[in-house]
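Following the hints, position chain W against chain A.
Chains as they are written, first to last, in our numbering: chain A, 1 to 425; chain W, 1 to 542.
What the hints contain is simulated information worked out from the structure, not anything from laboratory work. These numbers come from a predicted model, not from an experiment. Heads up, the beta-carbon is just placed ideally off N, CA and C, and yes, glycines get one too. Warning: the hint list may mix true and false statements.
From chain A, some residues computed to sit far from chain W (all C-beta separations above 12 Å) [said to hold, decoys possible]: (1) Lys32; (2) Ile133; (3) Ser244; (4) Tyr268; (5) Gly309; (6) Tyr411; (7) Gln415; (8) Ala417.
With a Cα cut of at most 16 Å, we get these calculated EDC-like pairs of lysine to aspartate or glutamate [as the list claims (entries may be wrong)]: (9) A:Lys370 to W:Glu125; (10) A:Lys370 to A:Glu410; (11) W:Lys308 to W:Glu289; (12) A:Lys370 to W:Glu120; (13) A:Lys185 to W:Glu289; (14) A:Lys370 to W:Asp124; (15) A:Lys249 to A:Glu263; (16) W:Lys57 to A:Asp392.
Computed Cβ-Cβ distance ranges for the label pairs, DEER-style [stated by the list, open to error]: (17) W:Val184 to A:Lys273: 52 to 62 Å; (18) W:Arg240 to A:Lys370: 35 to 45 Å; (19) A:Lys184 to W:Arg205: 24 to 34 Å; (20) A:Pro193 to W:Arg514: 51 to 61 Å; (21) W:Met1 to A:Lys184: 30 to 40 Å.
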Amino acid sequence: MPELVILRDVQDSERRHIEDYLKVGGYQTLRKVLLELKPEQVVDEVKKSGLRGRGGAGFPTGIKWSFIPRNVDKPKYLVVNADESEPGTCKDRVIIERNPHLLMEGIVMGSYAIGAHRCYLYIRGEYYEQAQILNRAIEEAYQHDFLGKDILGSRYDLDVYLHRGAGAYICGEETGLLESLEGKKGWPRLKPPFPAVVGLYGCPTVINNVETLAAVPRIMERGGDWFASLGSPKNGGTRLFAVSGHVNKPGTYELPLGIPLREIIFNYAGGIKDHKELKAVIPGGSSCPILTADEIDVKMDFDSVAAIGSMLGSGGVVVMNEETCMVKVLLRIAKFYAHESCGQCTPCREGTTWLKNILQRVNDGQGRPKDLHHLMGIAFNMIRTTICPLGDAAALPVRSFIQKFRKEFEYHVHQKACDVAQVMV
Amino acid sequence: MPTLTINQKSITVPDGTTIIQAADKLDIEIPRYCYHPGLSIAGSCRMCLVEVERIPKLQPACNTRVSEGMVVHTNTEKVKEAVSGVLEFLLINHPLDCPVCDQAGECYLQEYYMKFGLYESRMDENKIKRHKAEVIGPHVILDTERCILCSRCVRFVNEVSHSHEIGIFNRGSQSEIRLLPGKVLDNNYSGNVVDICPVGALTDRGFRFQCRVWYLSETNSICPGCSRGCNISIHSNRQRPHHAEGRRVVRLKPRFNAEVNHWWICDEGRYGYKFIDDPSRISLARVKEKGEFLVLTLDQAIGRAGQKLKEALERAGRDSVVVIASPQLANEDLFVIRKFWGEDLGLSQIDFRIPNQNPARGDDFLLRADRNPNTRGAEAILLDENGFDLTQLLRREDSRKFQLLCLFGQDLTKKLGVPWAEKFLQQFEYVIYVGSNENETSALSHLILPSATYAETEGTFTNFEGRVQKIDQAVEPLGDSLPTWETVSKLARALGYGYDYDNAEEIFGELAERVVEFQNLAYEKIGDSGVEITDVSKMQVK
Numbered sequence: 001m002p003e004l005v006i007l008r009d010v011q012d013s014e015r016r017h018i019e020d021y022l023k024v025g026g027y028q029t030l031r032k033v034l035l036e037l038k039p040e041q042v043v044d045e046v047k048k049s050g051l052r053g054r055g056g057a058g059f060p061t062g063i064k065w066s067f068i069p070r071n072v073d074k075p076k077y078l079v080v081n082a083d084e085s086e087p088g089t090c091k092d093r094v095i096i097e098r099n100p101h102l103l104m105e106g107i108v109m110g111s112y113a114i115g116a117h118r119c120y121l122y123i124r125g126e127y128y129e130q131a132q133i134l135n136r137a138i139e140e141a142y143q144h145d146f147l148g149k150d151i152l153g154s155r156y157d158l159d160v161y162l163h164r165g166a167g168a169y170i171c172g173e174e175t176g177l178l179e180s181l182e183g184k185k186g187w188p189r190l191k192p193p194f195p196a197v198v199g200l201y202g203c204p205t206v207i208n209n210v211e212t213l214a215a216v217p218r219i220m221e222r223g224g225d226w227f228a229s230l231g232s233p234k235n236g237g238t239r240l241f242a243v244s245g246h247v248n249k250p251g252t253y254e255l256p257l258g259i260p261l262r263e264i265i266f267n268y269a270g271g272i273k274d275h276k277e278l279k280a281v282i283p284g285g286s287s288c289p290i291l292t293a294d295e296i297d298v299k300m301d302f303d304s305v306a307a308i309g310s311m312l313g314s315g316g317v318v319v320m321n322e323e324t325c326m327v328k329v330l331l332r333i334a335k336f337y338a339h340e341s342c343g344q345c346t347p348c349r350e351g352t353t354w355l356k357n358i359l360q361r362v363n364d365g366q367g368r369p370k371d372l373h374h375l376m377g378i379a380f381n382m383i384r385t386t387i388c389p390l391g392d393a394a395a396l397p398v399r400s401f402i403q404k405f406r407k408e409f410e411y412h413v414h415q416k417a418c419d420v421a422q423v424m425v
Numbered sequence: 001m002p003t004l005t006i007n008q009k010s011i012t013v014p015d016g017t018t019i020i021q022a023a024d025k026l027d028i029e030i031p032r033y034c035y036h037p038g039l040s041i042a043g044s045c046r047m048c049l050v051e052v053e054r055i056p057k058l059q060p061a062c063n064t065r066v067s068e069g070m071v072v073h074t075n076t077e078k079v080k081e082a083v084s085g086v087l088e089f090l091l092i093n094h095p096l097d098c099p100v101c102d103q104a105g106e107c108y109l110q111e112y113y114m115k116f117g118l119y120e121s122r123m124d125e126n127k128i129k130r131h132k133a134e135v136i137g138p139h140v141i142l143d144t145e146r147c148i149l150c151s152r153c154v155r156f157v158n159e160v161s162h163s164h165e166i167g168i169f170n171r172g173s174q175s176e177i178r179l180l181p182g183k184v185l186d187n188n189y190s191g192n193v194v195d196i197c198p199v200g201a202l203t204d205r206g207f208r209f210q211c212r213v214w215y216l217s218e219t220n221s222i223c224p225g226c227s228r229g230c231n232i233s234i235h236s237n238r239q240r241p242h243h244a245e246g247r248r249v250v251r252l253k254p255r256f257n258a259e260v261n262h263w264w265i266c267d268e269g270r271y272g273y274k275f276i277d278d279p280s281r282i283s284l285a286r287v288k289e290k291g292e293f294l295v296l297t298l299d300q301a302i303g304r305a306g307q308k309l310k311e312a313l314e315r316a317g318r319d320s321v322v323v324i325a326s327p328q329l330a331n332e333d334l335f336v337i338r339k340f341w342g343e344d345l346g347l348s349q350i351d352f353r354i355p356n357q358n359p360a361r362g363d364d365f366l367l368r369a370d371r372n373p374n375t376r377g378a379e380a381i382l383l384d385e386n387g388f389d390l391t392q393l394l395r396r397e398d399s400r401k402f403q404l405l406c407l408f409g410q411d412l413t414k415k416l417g418v419p420w421a422e423k424f425l426q427q428f429e430y431v432i433y434v435g436s437n438e439n440e441t442s443a444l445s446h447l448i449l450p451s452a453t454y455a456e457t458e459g460t461f462t463n464f465e466g467r468v469q470k471i472d473q474a475v476e477p478l479g480d481s482l483p484t485w486e487t488v489s490k491l492a493r494a495l496g497y498g499y500d501y502d503n504a505e506e507i508f509g510e511l512a513e514r515v516v517e518f519q520n521l522a523y524e525k526i527g528d529s530g531v532e533i534t535d536v537s538k539m540q541v542k
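Only chain A is shown next, with the shape it has when bound in the complex (with noise of 0.2 Å):
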């Protein structure tokens, strides 16, 4: 069994009052970060640990961190990112339910870090209780001297506020959450400038991913060095992947980032159910490129998986045995992104709903011969022109499912049928 980091203590239980935390040494780094180091030690030591970013760009934490500049007069602000909604993911979700007060101590590391008084956390709508687990730990780490003025006699003040979403995809887009948590639609941000420069209300923001945050307490605790270790080269630490779909154990395991795919579906998540043949297999939630069976062999970290032309994305893999309809799959994928499009830019406004309505009418056997060439041409005209990355998730798994499955499509749009349906009769 390899190391756990983010659910060690946790693995069989959960922590969500502080007493339980505390028993197993919590908040005893963040006494040794408050009052010992200075914010760039912390700054250097996630450097070192070769921590990217779990929301899915994998950007470097520490990297990111340095970007917010020192000098301002500006009240600058850690954002916390906990509007898990990318379809197939379900790991923040675990780490709220098990170990909150993880995810609060990587708050205020990350929060001296960069310079922050501040922080909010944005928790999807959808997530009542675990905004309720989150708000009782904010409590109790404030009782606790964890959080308020003065914190642990270090004249470092944070307050933390908590603010739910109100049930739009994009407002997990680091802009559109920022646009929505300012009381406006949540309209992704054109970019330049970034966050960092302007963020939250015009000042110096951070925004992190709740499993981002969650294995800051660790590195400090044990060091760049220790994490970057249990990774592959350029991708320090565990991820938690979320298995879901055929396999016998579905579940949120942690691994090692750099395991092979293989082994997270066989060894892991126990095979496919009902020894059928493995298909295909989404990487790392609904907007990455689908993988074949014969592409498991990946390693599964940012750098291998963008290799093979996927991406590694929140680590949300759905496993998809030989009896699935690829053009059904696509078909609920493509229904998402129309549905969760927010309407600003041209492109996935319009594209996302164009390409839901041709793969509904393939679906239905009503498909013409120019379908699949005209999914492939709207798809690649909303690659790289649109102002958020909605646009790109949206259409690259249209390109990916029919490059790979593209017989499959075929006989979709050629039979007026569906020849999965047809193996299983």
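Relative to the frame of chain A, chain W by itself:
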């Protein structure tokens, strides 16, 4: 001051300039829908994507600031492909109802399709049905099927008019422009959203179905609605006289002037043109005989006016004649009035100021409380040291009768109220009204001379800041009407004075020589954006 190249052309621009601004300076066309220089950057239409060397992704030119040594391409295959793709997305749900759309001919969907599109349609799905032909305010009608959601109108009501009536509702392809609950697009700047709408989503209720835009001629002018002097373009239809119920001037559009009105005009000014082709226009001279107005030829009327004037002067002298000019008149008209009545005839009772019993209000943007375009010019040209004040005359109680009043265009009944105006006019043996439209005051006069409106003449107005701006002639004077300077010149000739001006420019030359505020100005140097007169009060302070 970074230097960059766009399509191999090099330019040096101030810090903070965006690529689209630099390209505009180089006359390199970058297509745009959401970008408007008077509004914040939305960056959402994605039409202005360009290729910047060393940046892998295409960049929106509207939001990308230039940097030293930047190399930009707007015409590579990569850019063309992206722009044509974006245009296709904009058009898939567009109704393509150009034949019944007022915007056709000045629509940027048409324009850019011809320049950057020209692809074969591959849209086979049903188009999304939306709200059509919704009246959203007194002047504007909305067709959400034609809308491309560029958000210019939304930014306008938030950033310029600050009236916040409309927004984009719903999400994704269901997004639509809607009125905010309980709101109506009813503010004094609402017409501007029609101008900035790049497609036919927001059209003008008054202009709706009146005339195809390709029949329109554009003439530079100045809005006569207030002393701001907003720069406008008069759109007149001379090619299809049977359209728009025979109206020649069919709409006004704002014209950019960085010193005056930028891109905007108010609704009061925009829709204030209707008097030009109104049935109340005075197209022929008339004389009152036994209570009835009879038509005269212009020569007969001028002859009659000259005769009455001569009689008055002979019978009762210069102090028996009063002239009320108007701050609606151009500088050239006012100068000829001053020259003839004041200098040649030696009258001292010349004024243009009438106390308004119902004064108008201005706002904190463009509209000024003074609803006249040329008060500053009239002050400079007509008022002198002798200190004649019409107000004293209007308020006087003694019963001495005057011989003649020559009234230029001002409706006394409207400003003073009927009883006061009637009482004042009764002090005169004879009243000559020189104006463009009938009103209660003209009805009370004895002789009516038809004059051209600002759209039918050329000349200059001086705005409240002392900016002299040119008005050009958009349409011919109606009927026998003449520019006021020409009417006065004819009258002067009838009395034996040699007035042979050919045009406004000639008069302006003399004006610049004779009136100190206008010194050093030249007509041909006024250009499209105007020149400033000399501020005499400041001269004296020095």
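Hints versus structure:
no. : hint                             : verdict
1   : Lys32                            : 42 Å, holds
2   : Ile133                           : 29 Å, holds
3   : Ser244                           : 26 Å, holds
4   : Tyr268                           : 36 Å, holds
5   : Gly309                           : 16 Å, holds
6   : Tyr411                           : 20 Å, holds
7   : Gln415                           : 20 Å, holds
8   : Ala417                           : 20 Å, holds
9   : A:Lys370 to W:Glu125             : 13 Å, holds
10  : A:Lys370 to A:Glu410             : 10 Å, holds
11  : W:Lys308 to W:Glu289             : 15 Å, holds
12  : A:Lys370 to W:Glu120             : 13 Å, holds
13  : A:Lys185 to W:Glu289             : 71 Å, violated
14  : A:Lys370 to W:Asp124             : 10 Å, holds
15  : A:Lys249 to A:Glu263             : 13 Å, holds
16  : W:Lys57 to A:Asp392              : 12 Å, holds
17  : W:Val184 to A:Lys273: 52 to 62 Å : 60 Å, holds
18  : W:Arg240 to A:Lys370: 35 to 45 Å : 44 Å, holds
19  : A:Lys184 to W:Arg205: 24 to 34 Å : 31 Å, holds
20  : A:Pro193 to W:Arg514: 51 to 61 Å : 57 Å, holds
21  : W:Met1 to A:Lys184: 30 to 40 Å   : 36 Å, holds
Consistency with the previously given hints fails for number 13 only.
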